[in-house]
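There are 2 protein chains.
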Amino acid sequence: MSFEFEVIATDGLARAGILHTPHGDIPTPVFAPVGTAGTVKALTPRDLESLDVKLILANTYHLFLRPGDELVRDMGGLHQFMNWQGPLLTDSGGFQVFSLAQINTIDDEGVTFRSHLDGSKQRLDPQRSMAIQQNLGADIIMAFDQCPRPDNRDEVNAAVERTRRWLAQCRAAHPHDDEQALFGIVQGGIFPDLRAKSARYATDMDLKGYAIGGLAVGESKAEMVAALDETLPRLPENRPRYLMGVGEPDDLVEGILRGVDIFDCVIPTRLARHGAAFTHHGRINLRNARFKRDESPIDAQLGNYASQFSRAYLRHLVMSKELLAHYLVSLHNVDFLVRHVANMRRAIIDGQLKAYAAQFLARYMGGESPVE
Amino acid sequence: MSFEFEVIATDGLARAGILHTPHGDIPTPVFAPVGTAGTVKALTPRDLESLDVKLILANTYHLFLRPGDELVRDMGGLHQFMNWQGPLLTDSGGFQVFSLAQINTIDDEGVTFRSHLDGSKQRLDPQRSMAIQQNLGADIIMAFDQCPRPDNRDEVNAAVERTRRWLAQCRAAHPHDDEQALFGIVQGGIFPDLRAKSARYATDMDLKGYAIGGLAVGESKAEMVAALDETLPRLPENRPRYLMGVGEPDDLVEGILRGVDIFDCVIPTRLARHGAAFTHHGRINLRNARFKRDESPIDAQLGNYASQFSRAYLRHLVMSKELLAHYLVSLHNVDFLVRHVANMRRAIIDGQLKAYAAQFLARYMGGESPVE
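Residue numbers (the numbering used here), protein chains in the order written: chain A, 57 to 428; chain B, 57 to 428.
There's no promise every hint is true.
When chains are identical, the list treats them as one kind, so a pair holds in a single copy or across two.
To be verified - Within a straight-line C-alpha distance of at most 35 Å, the following computed DSBU-like cross-link-like pairs (lysine-lysine) qualify:
{"id": "1", "residue 1": "Lys253", "residue 2": "Lys177"}
{"id": "2", "residue 1": "Lys177", "residue 2": "Lys348"}
{"id": "3", "residue 1": "Lys410", "residue 2": "Lys177"}
{"id": "4", "residue 1": "Lys277", "residue 2": "Lys377"}
{"id": "5", "residue 1": "Lys348", "residue 2": "Lys277"}
{"id": "6", "residue 1": "Lys410", "residue 2": "Lys377"}
{"id": "7", "residue 1": "Lys377", "residue 2": "Lys348"}
{"id": "8", "residue 1": "Lys410", "residue 2": "Lys277"}
{"id": "9", "residue 1": "Lys253", "residue 2": "Lys348"}
Derived from the structure by calculation, the hints contain no laboratory data.
Predicted model, so just to flag it, every value in this text is computed and none were measured.
One chain only, chain A, in its complex shape (with noise of 0.2 Å):
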């Protein structure tokens, strides 16, 4: 029964959920934390067991240019390379390759692009973005897609018919889910029209996942809203819905009040790299000559390991660049987004979640209180 998909509970358009996978099951909605390279930075695989981490999504443009797909196959496939036995998901590459590479052109075949690591010229089309992931062998696999900017409605459309027609291609190399299945990706930039064209365009196809790809690109948070809005009606309501690269704690309420599954997001590890921390009233940033002297945890709501040090020390640390501020910063926010994500599961289950939703706003978007 891998990859099948459960929803054990709803609350609105919000759904609390299982999905089944060879590595274990994933409780849903679930946030994957990012690891690049195949290690979440600077936190270990035992670390994130603790902090029930479900889902970790690593970078297939990454892991192709270094160490090479092919290594990791030879050395037993990511789970066993990074030491990871629960669920991975990679995605396709298609992202980096216009984000990262220092030079792209694009053909209705594929992209040949330069790599960011020696500038060598590589190419990537969704015959190898597949063959890439079966040597990486994550449990959930994504189609190579187009991820164009999100307000250029002729370039939008162009993306959404290559990634329906790269779909295809996808699904012809990698034809059965029995060990990794394959989700589609929904494009159409900030366009209604195009949105749910290419969402009708992934459910042509019969697949264990749907992905919404595209967003978190540079469009505004009411524009990213209205995407979800016209996207999220269209997919099945017995798969798995995927918003790519969406992270912020207030979008992931929006996310999941409308009903998306699994999100992903590199923004815990990298905000912890400059010294920023989530709290329940709102992002803080260590280096705040006001901390200088707070004997307090980052967040008293927290009960990690990081939370038995004080701001005080944490500010020392990212003052002076150790390394444990990376360590201890990246343990606490990926701990304040997985808990968060699954306190909304609990709330979906009790039928809560507006209410929980609601206060969680007010307190984030409203900032630190004074007296805490």
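We have chain A; now place chain B onto it with these hints.
This is chain B only, laid out in the frame that chain A set:
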């Protein structure tokens, strides 16, 4: 009975003992990793406990400049600030003033220098060093000494005389060892008569422990061993003997064979940041291409968490400059040295130190065997 030192077994000149401190017993010989800025780089206190680390050294110079010893005091002292409940040792700041400060001028009363952080003019002297170390609150504090180049006789002699006067001033500024024990430091460079004189000066005062300073600063291994042979027999048997800044696995053997009880060194964490790891067959650098597809752990003899990862994966992390490389290799390297010293302690108790030392050195200095 704080700071009482019991010798529980001897084997030749080597001793196994227990040093009692207000934050717990230290079984000796002991290797102390260095937490320069109040953190053993990349590792958590929890990790250090899991490796049976029994003593950590922190640097007075660094903590004085940032975040400031008064801030650390106000946050409850260094134990509470860094969340380490075990024994702590702080150095005097003297060594860093000479090795790190941008400009330094020594006079008979102290040292004026410019901070390596912001160029600000600062001064350290015996009274100030004691006051800072009292604010930090480590269990063992070190007398403010002058650590000269080891081979300029006039300079070394002047340093021996200054170190004597400064020790008396430190004792006056820290008259009681109830909560923090003051250790004196023997200088003398590579000159046997100056080592003897400096040892006499130090042992003229009844201190809780004695350190050998001014070694591992550029002299040859033969010169270091000769200085140890000259100094160690002149230190009282009922007091711990601390060889400062030494941590190469073979040097730990030489020191313990001659009766050293305490060591500290940045080497395990510093090497880790360069991708280098200790093994029982010598040091390896994980950047080496021969580890590309090496599925074995760094050293199959160690069972710490890093041993769950292959050299191939660790090499990938090192090449990708991933933070997890620092963490896992630091964990491994600290474990290697701590166990190496703990193994020697057991060998002393079993009367087998010479055999252990010979076997260890043959393997370690012989380099990596081709079959492993």
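Each hint, compared with the structure:
Taking the closest pair of Cα atoms, Lys253 and Lys177 come within 35 Å of each other only inside a single copy of the chain (34 Å); across copies the shortest separation is 68 Å, beyond that limit. In the homo-oligomer, the alpha carbons of Lys177 and Lys348 lie at most 35 Å apart only across protomers (23 Å), although the nearest pairing inside one protomer, at 49 Å, exceeds that limit. Taking the shortest Cα distances, Lys410 and Lys177 never come within 35 Å of each other, neither inside one copy (50 Å) nor across copies (58 Å). Taking the closest pair of Cα atoms, Lys277 and Lys377 come within 35 Å of each other both inside a single copy (33 Å) and across two copies (34 Å).
In the homo-oligomer, the alpha carbons of Lys348 and Lys277 lie at most 35 Å apart inside one protomer (34 Å), although the nearest pairing across protomers, at 44 Å, exceeds that limit. Proximity of Lys410 and Lys377 under a CA criterion of 35 Å is satisfied in neither setting, with 40 Å inside one chain copy and 43 Å between copies. Proximity of Lys377 to Lys348 under the C-alpha cut-off of 35 Å is found in both arrangements, the shortest distances being 15 Å within a copy and 30 Å between copies. For the identical chains of this complex, Lys410 and Lys277 are intra-copy neighbours only, at 19 Å inside a copy versus 71 Å across copies, given an alpha-carbon limit of 35 Å.
Within a single copy, Lys253 and Lys348 get their C-alpha atoms no closer than 54 Å, and across copies no closer than 46 Å, so neither meets the 35 Å cut-off.
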